[in-house]
Every structure is written in structure tokens, then in C-alpha cells.
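There are 2 protein chains.
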Amino acid sequence: MLPSVFALYQAEIDAEMRSILEERQSPLYDMMRYHFGWIDENGCPQCGSYGKAVRPTLCLLACRALGGHHRRALPAAAAVEFVHNYSLIHDDIQDDDRERRHRATVWSVWGKPQAINAGTAMRMLANSALRRLDIPLSRQAHLHYLLDEATIRLIEGQYLDISYEGRFDITVADYVDMVGGKTASLFGCALEIGSAMASEDTAGVDAFREFGWNLGMAFQVRDDMLGIWGSTEETGKPSCNDIRRRKKTLPVVHALQRATGPQREELLRYYGGRSEDAESVDRVLAVLNSVGSFDESERLADSYTDKAKDAVASLSLDTGAARDIGEVVDFLQTRRF
Amino acid sequence: MLPSVFALYQAEIDAEMRSILEERQSPLYDMMRYHFGWIDENGCPQCGSYGKAVRPTLCLLACRALGGHHRRALPAAAAVEFVHNYSLIHDDIQDDDRERRHRATVWSVWGKPQAINAGTAMRMLANSALRRLDIPLSRQAHLHYLLDEATIRLIEGQYLDISYEGRFDITVADYVDMVGGKTASLFGCALEIGSAMASEDTAGVDAFREFGWNLGMAFQVRDDMLGIWGSTEETGKPSCNDIRRRKKTLPVVHALQRATGPQREELLRYYGGRSEDAESVDRVLAVLNSVGSFDESERLADSYTDKAKDAVASLSLDTGAARDIGEVVDFLQTRRF
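Residue numbers (the working numbering), protein chains in the order written: chain A, 1 to 337; chain B, 1001 to 1337.
No incorrect hints appear here.
Computed cross-link-like contacts, DSS-like style, restricted to lysine-lysine with a CA-CA straight-line distance of at most 27 angstroms:
| no. | chain 1 | residue 1 | chain 2 | residue 2 |
| --- | --- | --- | --- | --- |
| 1 | A | Lys52 | A | Lys247 |
| 2 | A | Lys112 | A | Lys247 |
| 3 | B | Lys1052 | B | Lys1309 |
| 4 | B | Lys1247 | B | Lys1237 |
| 5 | A | Lys247 | B | Lys1112 |
| 6 | A | Lys237 | A | Lys52 |
| 7 | B | Lys1247 | B | Lys1052 |
| 8 | A | Lys112 | B | Lys1112 |
| 9 | B | Lys1247 | A | Lys112 |
For the record, the hints were derived by calculation from the structure and aren't laboratory data.
Please read these numbers as outputs of a predicted model, since none were measured by experiment.
Let the sequences and hints guide you as you build the complete structure.
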């Protein structure tokens, strides 16, 4: 189950993001509203939610944990969520994905040219969000810098991800490089900015960045595991979604490094080819299971989670916030969705 | 001929941009170096130039005109040029254009997914460039704001441009809306930032923004005219490039509003269809000439140029810089390339 802290902040994060969009006049922003599930493709209001809002929630928790009121960090939380969602809009274009969260992706409604605009404009709105922070301009400038650098790391990671397609020699270290940029940097930034809104204590802020980065790594590894072994609601069996989409996520990278002989042949044939049938998906899953990719992925996720916990263990945190953070960490470590 | 001031600053603008890229490590940035003509697609150095660098040159001239040394504004000039070129990289993807400046576009070498990354990352580097400015962080924050807002206007304009495809009821006012965002905003921003690097005098800075915005409008209208009536080197005849590409630039928007009867039919048939032959291009050109689209476009360009000149006429500018600015304005008004 989703920890209660997500429900606690979601409405406020949502309201902050909506009000930033409301400052703008152009149908361009309807694509963003659609993406967040606030309207349908015809512009009619919807009450859909756009996801768990993990990053902005963590951002607010970090602020609270260091003694700040979470509301002080709301614009920062919105900024982080805009950066994450801009990257999803561009990702869907780049991966040719027609569906996200059981809805048509922005590009599959408006076309790729307009979806590129929606994504880049949303990244710009993250800066508009940061400008709402009630802090001196010189400190604001520093947070801008952090968010810009996290975005650059994110794009460098996305570059690597795409460049790995068609390659079979990717190592786990290559994977860590890629995910470190694509996912962990923004997690680190979310926690760093959130904690910086409460405190100018460098040690505390650094610890939260370190915490966030490692949590982001654990989050992505778990996401990769769920993409394969996450069970479908109907059957309870592994969904194998990412095998079907031929995504070279961690378990596959691991298996490609580990498998030999006919098992390796099987992987090369599947990931090198275009053929697709239920049997080949099952055979790939069998290889992954046989070479221990599940256990190895879980081991890696746990080791990042431990590093994350270690990073903040020495800080004397506000009890309530420490408990909430602990709940989020535990949830991310064991989640099944 | 290109006024000498372009040659004067180009090397310094170039060096500034290169050194910003040099701070980064990733093959991602090779796509940008390629775009600027510094390397070929295999990474070998080239001595190509990436264009006239109109915007950064104007940025530096504005700084000098208000009494600052142009070098103070170099990072701002680089930032503006990064914004312009990010938009070109995305434009080429959106328009499916395989060639720019007689070279393959970034996407046609690296594919659209990676070119999206190159464009967005280049927009982020514009911020890195601004951070090099030797001014207090609070003033830097203001320039960041200006560049972010100009980018948002640019994307809103690009949104309109794409949304006009397939429509035949676009008015000249709609066109002005679109180009005001897509082109004029960044011109205005280039001049505003450049002048702000020399002076905190609001009236002077406002005048330069006004100057830049109107100059940008004139620049785009002239560009639209050259896209149709610009002569090919070989024949000396109108190239009709933008007619061939079915781009609804100003002359076409004007003609669609003005033409009636069979002439309108001709335009609707051509711009609504997919057929292409030399005769239909000639017939469209004949309609444009017959309804006075050339003269009307020239009239509009001249009126924006006059407004631009008026905006700075009342300022007492440094003589040398005023002459250089005058030369650039005259060049933009009469250029044939």
C-alpha cells in the first residue's frame, strides 16, 4: 500500500502545478494538463491523477525533516515534478510509446512535433516554479543551478539509454552510469533542493542529496524488476512487459553478461531480432530466472537502499518526518506497482 | 555584403560557445559540435561556420552601444545563440527537414530520439552560459528570467506555426502572433540582455528590447520573402523553395487572404494537396505576384524596420556602435541571403 504521506501532500503539489500553468495562455498548455490527467483530449476536466508523485513528495519530506514547513518547498516540489514529466513526454516520443498510465501519450494525441514543444516548454515551467520560492534571489540562483545540472545529467543518461539499443555488451557498470543520470540525479536534486529550503547546513543538505541519489538508483532497479516480474492483476503471473518491449533493463543487462551457450544465443536472437511470440518471451524469462537475474537485481536494489539509509542515519531528524521518510523508503523497496 | 561587424565578433562568440561545450563530457555534445559545423559526423574537425550569428552579434552591439565593453556580454551572446540553435535542431525534427546549411541535419545523422536530446540539452547550456556573466547573482537571476520567458514565447510561437498547418484561414494578424513568439521574442531578448550588461538604465534597456523585437519581425518577414523570391545562384530566378516545401509563410498567408476565384482555387489545391510539379509551383508564384504579396511583405518588413529605428532614435548612443547597428539594420533590410 502507498504510505499515507503521499495522500497528504498530493493535493497541494497538484494545486501548485495547476496554478503555475494557469499563469499561461496558449493551447500549448492543454497538452500538459492532459498529460497530468486534469483534462481529457477534448479539454473536458478529468479527475485522474498523474502518478505517485514520488519525487515532489520526497522533496517536501526533506524540507520538513530539517525543520522547515513543507509549504515553503512546494514550488520546488512542483519544479522537480515538471522536470520529471517533461522527460516522460519526450521519452514517450523517443520510445514510440503510445500509452502511459492507461491513456494515450501526448504525442499519440497531438503528434510528435507538438509533443516536443509540450515537453520542452514544461521543462521551462520548472524554472517558473522555482521563481515562486520565497528566498533571496542569490539562493534561488543556486537552486536553479542544481535543477539545470540535474536536467543535464538526466539528458546525458537518456542519451546513453538510447545509445545502448542494438548493443549486447552493456555491463552493469554501464547501466549504473545510465540510470545514475536518467533517474538518480533528479531524485538527488529533489532531496537536495527540499532540504536546502529548510536549512543552510551543508552537511545536512549533502546527506539528503546522497540519500536521494541512492534511493533513485534503488527505485529504478525495482522499476526494472517490476517491468518483468511485476504480476498482472488478472493472472498473477509475471507481466514480462519490458521483455515484450525489448527494453534492456537491468535484469537483461545482467543476463546478457552472465548467460553462456544456448541461453546467450536465445537472448541475442530475441534482443537482436524483431520476431515476437509468447513462447520466445517465456524462453527469455526462463533464461533470466535461470542465471539469477532476479536475485542479482534485488541485491543491487537493496544495496542502494542501504546506502540511502546510511546517508541520513547520522542526522538528527524531526521524528515525524523521519518516520514518514522511513515509510517511503520501505514502500519503494517492497512495492509491487 | 555582410557588414564587417559580423566578422569582428564571430570568432569570440564561437570561442565562448566552444568553451562552454568543453566543460562537458559526453558524446551527446558532439551532436551540438556537429550542428555548429565544428566537426563532421565522424568527429573530425571542420572549419565550417554555423551562420551569420545575427542574434549574438546584436547582443554584443547593444552592450557596446550603451557604453559597456562587448566582452562583458559574451556569455549572454552565447546563451542567446544556444537558444536559437536548440530551436533549429528541434525545428528540423518537427518539419522533417533533412538538410540545413547544405549539411545533413542532426536528426538525419543521429536519428530523431537523440536529436531531441541534443536540442533540449543545448537549451540547458544557455543557462550554463549565463552563469559565466560577471554580475551579482540577483541580476543574473533577472537575465535568466528574461531568457526563459523568451524561450517560452518561442515555443508558443512554434506551437502556433505547427497548428497552422492544414489551415487556410490564417490572417496576417495570426502570422504576426506566431512570428512575434517564434522569432521576435528572442531578438528582443538578445538586445535586452546585451544592453542590460552595460547599463541599469531601464529606459535604454526597454528601448533596445523594443528595437530587437521589431528588428526580429522585419528579419523574419524578409526571410519569408527570400524563401520564395530569393534567387538561386545558378539561374538568378526565384528559388521558390518555401513554395516547394509548402510552408505557409507571410506571402502565402497574404495571398490566401487576398486571392479570389480561380487564383484562390489554385492556392487551395496546391497547399491542401500533395501533388508537386514545376508547373504548379510556377502557378502559385504567379498568383503571389499577381495579388501583390511581394510588395505587401516588403511594406510590412519596412514598417517593422522603421519601428525598430524609432525605438532607439531618442537614445544618445556611442557613435561607433550606432554606426555598426545602423549597418546591421540596413543589411537585414536589403539582404539577399
